[in-house]
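Take these sequences, add in the hints, and give me the full structure.
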Amino acid sequence: MDVWFDSGSSHTAVISDRGGTLPVDLYLEGSDQYRGWFNSSLIVSTAIHGFAPYKTVLSHGFALDGKGEKMSKSLGNTVEPNKVVQTSGADIIRLWASSIAYQSDVRISDELLKQVMENYRKVRNTFRFMLGNINPNDFRVIDLVDVNAVNPADQHVLALLNDVIRTTLDAYRNYDFMSVVSTISNFMTNTMSAYYLDFTKDILYIEKKNDLRRRQVQTVLYHTVSALTRLLAPILVHTCEEVWDHFTPDAESIHLNEFPKPLELTNEESLKEDFARLFEMRTVIFKALEEARNVKTIGKSLEAALQVRVNPSLAQLIEKYLGSSLAQWCIVSRAVVEVSSEEETLVEVSFAPGTTCPRCWNVTENGAEDGLCPRCQAVLKE
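Heads up, the sequence shown is in this note's numbering, so the first residue is 6 and it goes up one at a time.
Hints listed in this document are in silico derivations from the structure and should not be mistaken for laboratory results. Mixed in with the good hints there might be a few duds.
Unchecked claim - With a straight-line Cα cutoff of 20 Å, these simulated DMTMM-like cross-link-like pairs (lysine to aspartate or glutamate) come out:
1. K386 to D207
2. K127 to E116
3. K75 to D22
Stated by the list, open to error - Derived DEER-like restraints, expressed as beta-carbon distance ranges:
4. R145 to P86: 39 to 47 Å
5. I147 to F204: 35 to 43 Å
6. E263 to D375: 49 to 57 Å
7. S345 to N299: 33 to 41 Å
8. K277 to P379: 49 to 57 Å
9. D250 to S184: 26 to 34 Å
10. G137 to S318: 49 to 57 Å
11. R178 to F356: 52 to 60 Å
12. G71 to R23: 39 to 47 Å
13. K277 to D11: 21 to 29 Å
14. P86 to R178: 22 to 30 Å
Here the structure is a predicted model, which means the values were calculated and not measured. The C-beta atom is built at its ideal place from N, Cα and C for all residues, glycine as well.
Given below as structure tokens:
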């Protein structure tokens, strides 16, 4: 019997003879099978059934060494998956396979795996931080705040989370696993770790346990962990199971859950548009802070006092979305906004006068004898 006829008719034995339904969803094999199994299956099925045996064909390339050469034991350039699993865990191999353009030949080496492990470390550490701030001793589901009632800065992050959910689900549908990984990694590293978690530490660590503003931030962390764990579960199967066990100790396995759906936000598009303008201003502010550090005007950003001159429309956005929390949003001790007729945003940075609160590290001019700022005094009294 011809070997290609044998393989090309496999769908009959595997599917038809077992009561399954043709065509199947997917045929997956290496790119060399376009003239092999994919082709012979198409010919045989069309001759017998009048249609292809598959709805979709997905092909992948082959693994090469770090220099793009074919791997060979005699050359000593092979990467043993079992050794990587034993030393770093199976999720590292899975993350590597999902981070590459697998449709073509791909490279793998110890150096490339180190880069994957660094990306994995960032994802894991971000999960750890979020879980630590919504642990069962501090936060319960009944503490959740309605997503349309949280602070505008929180709503904006949830709107960005919705974009991640939509983009990731669409990428899964198209077998674009590299986009899944890059979209989620970018959100966790840049949106969450470098931005949102950075400025909300002042809220999570300083405000009293049941403070509404703190509960709003915890609500964002809850929805973020819930969504990202389920989105990453097909790739980081073991890590996400571990996260899920801490997130919902009494729930069933993460792999028995469904993918998340976008949250129902009432003003999602306007939030993203308006905060895009606010972020342009924040970029100018952070550039000015960096310049002030370089010339030793300030050391840490909390030593800074800002005078920000903005045009009227931007001033309205600041008042609408940030109000008196502009300083906190920029991680400085003081921020004064002045309306200017100029379109360009201008920022002056000076050393904030006063004393540093030993609890929140903000600089204030009206601290108590023990150095605590009025805000921390009020929290500790309760």
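Quiz item: What hint numbers does the structure not satisfy?
Solution: Hints 3, 5, 7, 8, 10 and 13 contradicted; others consistent.
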